[in-house]
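J.: Make a model of the complete structure from these sequences and hints.
Listed here are the chains, written in short residue letters.
Protein chains: 2
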Amino acid sequence: MNVNSKYKGNKMRRIAIIGGTGKEGKGLAYRWALSGHDVIIGSRSIEKAQIAADEVNELLPDHVKPVGGLENIQAADWAEIVTLTVPFAAHVDMLEYLKDTIRGKLLIDVTVPLVPPKVSVVKMPEAGSAGKEAKMILGEDTEVVIAFQNISYERLMRTGDIDCDVLVCGSSREARDTVLELVKDAGMVGWDAGPLANAMVIEGLTSVLIYINKRYGSKESGIRVTGVTGEEN
Amino acid sequence: MNVNSKYKGNKMRRIAIIGGTGKEGKGLAYRWALSGHDVIIGSRSIEKAQIAADEVNELLPDHVKPVGGLENIQAADWAEIVTLTVPFAAHVDMLEYLKDTIRGKLLIDVTVPLVPPKVSVVKMPEAGSAGKEAKMILGEDTEVVIAFQNISYERLMRTGDIDCDVLVCGSSREARDTVLELVKDAGMVGWDAGPLANAMVIEGLTSVLIYINKRYGSKESGIRVTGVTGEEN
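Just so you know, the sequences run in chain order A and B.
Numbering-wise (our numbering), the first sequence opens with residue 6 and increments by one.
Numbering-wise (our numbering), the second sequence opens with residue 6 and increments by one.
You may find that some hints are simply not true.
Stated by the list, open to error - List time: in silico BS3-like cross-link candidates among lysine-lysine, alpha-carbon distance up to 25 Å:
hint: 1; chain 1: A; residue 1: 219; chain 2: B; residue 2: 189
hint: 2; chain 1: A; residue 1: 110; chain 2: A; residue 2: 70
hint: 3; chain 1: B; residue 1: 189; chain 2: B; residue 2: 16
hint: 4; chain 1: B; residue 1: 70; chain 2: B; residue 2: 28
hint: 5; chain 1: B; residue 1: 128; chain 2: A; residue 2: 128
hint: 6; chain 1: A; residue 1: 189; chain 2: B; residue 2: 224
hint: 7; chain 1: B; residue 1: 53; chain 2: B; residue 2: 123
hint: 8; chain 1: B; residue 1: 189; chain 2: B; residue 2: 128
hint: 9; chain 1: A; residue 1: 219; chain 2: A; residue 2: 110
hint: 10; chain 1: B; residue 1: 53; chain 2: B; residue 2: 104
hint: 11; chain 1: A; residue 1: 189; chain 2: B; residue 2: 219
hint: 12; chain 1: A; residue 1: 16; chain 2: A; residue 2: 123
hint: 13; chain 1: B; residue 1: 53; chain 2: B; residue 2: 70
hint: 14; chain 1: A; residue 1: 28; chain 2: A; residue 2: 219
hint: 15; chain 1: B; residue 1: 28; chain 2: A; residue 2: 224
As the list claims (entries may be wrong) - Simulated coverage check for chain A against chain B, where a stretch passes if three residues somewhere in it have a Cβ under 8 Å from a Cβ of chain B:
hint: 16; stretch: 27 to 37
hint: 17; stretch: 162 to 175
hint: 18; stretch: 202 to 210
hint: 19; stretch: 218 to 230
What the hints assert, rightly or not - Distance windows between CB atoms, simulated:
hint: 20; chain 1: A; residue 1: 124; chain 2: B; residue 2: 178; range: 10 to 20 Å
hint: 21; chain 1: B; residue 1: 76; chain 2: A; residue 2: 219; range: 21 to 31 Å
hint: 22; chain 1: B; residue 1: 16; chain 2: A; residue 2: 179; range: 45 to 55 Å
hint: 23; chain 1: B; residue 1: 144; chain 2: A; residue 2: 19; range: 14 to 24 Å
hint: 24; chain 1: A; residue 1: 236; chain 2: B; residue 2: 164; range: 41 to 51 Å
hint: 25; chain 1: A; residue 1: 59; chain 2: B; residue 2: 120; range: 15 to 25 Å
hint: 26; chain 1: A; residue 1: 236; chain 2: B; residue 2: 69; range: 32 to 42 Å
hint: 27; chain 1: A; residue 1: 51; chain 2: B; residue 2: 177; range: 48 to 58 Å
hint: 28; chain 1: B; residue 1: 101; chain 2: A; residue 2: 182; range: 38 to 48 Å
hint: 29; chain 1: A; residue 1: 121; chain 2: B; residue 2: 166; range: 33 to 43 Å
hint: 30; chain 1: B; residue 1: 182; chain 2: A; residue 2: 122; range: 19 to 29 Å
Rather than coming from a laboratory, the hints here were simulated on the basis of the structure.
C-beta atoms are modelled at their ideal positions from N, C-alpha and C, and glycine is treated no differently.
T.: So, in structure tokens, the structure goes:
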């Protein structure tokens with residue numbers, strides 16, 4: 006996989022992955038640990054967190070600092086960047102629970118507002134998107150960036166390219182740029198997709214890709230941004 | 006360009022392009038005429054419609070049936086498929102005006118709900134999307150399909166591949182399949198992106214691409230669907 010110096014951001018980060026025992030959480034932990042970041046998986050129980058961390062550590066080469074496991078609130082307290090990978094049904098409650106602990110930090114929200122059983126039909130929460138919902142709960146002092154919604158999580162714990170770009174929306178350009186570095190570090194191509202008002206498009210695209218998978222008998226549809234040839238502004 | 010027998014749908018259609026004197030309308034007229042469809046450009050004035058049709062006809066080879074020009078309502082009355090390419094500010098009024106004339110036909114809505122001056126920030130109408138707004142106005146008897154929102158219109162009147170896929174949402178699978186044939190006939194790759202509830206994602210993606218153009222100094226960003234390897238269902 007292309008997690009190497011070419012893609013590597015400049016700064017080592019302390020990253021917690023809240024609700025990180027699922028495939029998406031373990032996949033991101035694996036890729037970020039591999040590129041030199043300090044990663045802790047959080048879960049409601051420390052035992053489950055450590056089991057998930059052990060699974061990731063078995064895949065990591067010996068020279069890499071192993072991933073740790075803690076309860077969610079301890080992981081969030083330790084981290085400078087907090088990644089949220091919980092089912093949408095737990096989104097509001099988990100954010101209320103974390104709110105004070107992560108004040109002033111950067112939240113990367115990976116949540117997709119899927120409403121079973123019709124997960125191939127877009128249905129946004131009243132706030133407009135999961136990202137805007139997070140920002141409403143966390144308030145002015147905490148930056149919120151949404152990312153990684155469209156990645157097929159099957160791909161994250163494999164080596165090799167991921168044939169899907171990562172669209173990043175967030176509450177400030179500085180926060181988006183920090184997350185774009187972490188996208189690179191995870192071996193993926195990221196794009197600044199603008200303010201949180203645009204998050205509904207990126208989150209909703211997951212339902213569209215689920216629909217395309219169903220209609221075309223696929224499992225891992227994704228998207229690539231094309232036609233960008235200019236210089237960054 | 007790849008408008009050839011390989012891509013060609015089975016059926017010749019009578020297609021009106023309402024508000025078709027802009028780049029998007031003329032571009033679609035050009036590509037559909039080239040692939041053998043019967044096309045009329047509509048405008049508020051027949052003179053403007055005919056000037057636009059003449060521009061398109063100058064680009065078409067001699068053996069192709071020329072594009073016609075009519076007033077919007079006459080063009081809509083003549084057509085079996087009605088394509089709407091008006092600015093969002095004219096969307097509701099034009100649909101009210103056309104409603105009775107196009108009852109029972111298929112509307113292809115190309116409208117993007119951009120709200121100047123912040124066109125790089127997603128802002129959907131109260132109905133949820135322009136496509137849902139059209140369906141609310143037109144009612145049960147008229148099929149609505151949204152398509153072509155993400156194509157840079159600069160590309161439509163040029164020869165050569167368009168490096169952007171077309172995501173198609175609509176009120177029935179049959180209507181989406183008809184439009185997917187027309188996407189092929191226009192030399193593009195189309196995907197069934199599901200029901201009209203998903204239209205907000207495709208329409209909103211235009212603002213995201215405008216944001217990406219601005220941020221990365223590009224003019225023609227687009228998207229491609231990747232990773233689809235299965236068999237259609």
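J.: Each of the hints needs a verdict: does it hold here or not?
T.: Do the hints match the structure? See the list:
1. A:219 x B:189: At roughly 21 Å apart (the allowed maximum being 25 Å), residue 189 (chain B) and residue 219 (chain A) satisfy the hint.
2. A:110 x A:70: At roughly 23 Å apart (the allowed maximum being 25 Å), residue 70 (chain A) and residue 110 (chain A) satisfy the hint.
3. B:189 x B:16: Holds, at about 12 Å.
4. B:70 x B:28: Holds, at about 20 Å.
5. B:128 x A:128: Given pair residue 128 (chain B), residue 128 (chain A) holds - Cα atoms ~16 Å apart, limit 25 Å.
6. A:189 x B:224: Holds, at about 24 Å.
7. B:53 x B:123: violated, 30 Å
8. B:189 x B:128: Violated, at about 30 Å.
9. A:219 x A:110: violated, 38 Å
10. B:53 x B:104: The given pair, whose Cα atoms are some 23 Å apart, holds under the 25 Å limit.
11. A:189 x B:219: holds, 21 Å
12. A:16 x A:123: violated, 41 Å
13. B:53 x B:70: holds, 20 Å
14. A:28 x A:219: holds, 21 Å
15. B:28 x A:224: Not satisfied, since the Cα-Cα distance of roughly 37 Å exceeds 25 Å.
16. 27 to 37: violated (count 0)
17. 162 to 175: Our answer is that it holds, as 3 residues pass the Cβ test (under 8 Å) against chain B, meeting three.
18. 202 to 210: holds (count 7)
19. 218 to 230: holds (count 13)
20. A:124 x B:178: 10 to 20 Å: holds, 18 Å
21. B:76 x A:219: 21 to 31 Å: At 42 Å between Cβs, range violated.
22. B:16 x A:179: 45 to 55 Å: Since residue 16 (chain B) and residue 179 (chain A) have Cβ atoms about 53 Å apart, the given range 45 to 55 Å holds.
23. B:144 x A:19: 14 to 24 Å: At roughly 56 Å between Cβ atoms, residue 19 (chain A) and residue 144 (chain B) fall outside 14 to 24 Å, so the hint is violated.
24. A:236 x B:164: 41 to 51 Å: Given about 27 Å between the Cβ atoms, the range is violated.
25. A:59 x B:120: 15 to 25 Å: Violated: the Cβ-Cβ distance is about 51 Å, outside 15 to 25 Å.
26. A:236 x B:69: 32 to 42 Å: holds, 40 Å
27. A:51 x B:177: 48 to 58 Å: Holds, at about 51 Å.
28. B:101 x A:182: 38 to 48 Å: With Cβ atoms ~45 Å apart, the hint holds.
29. A:121 x B:166: 33 to 43 Å: holds, 39 Å
30. B:182 x A:122: 19 to 29 Å: holds, 24 Å
Going through the hint list in order, the structure does not satisfy hints 7, 8, 9, 12, 15, 16, 21, 23, 24 and 25.
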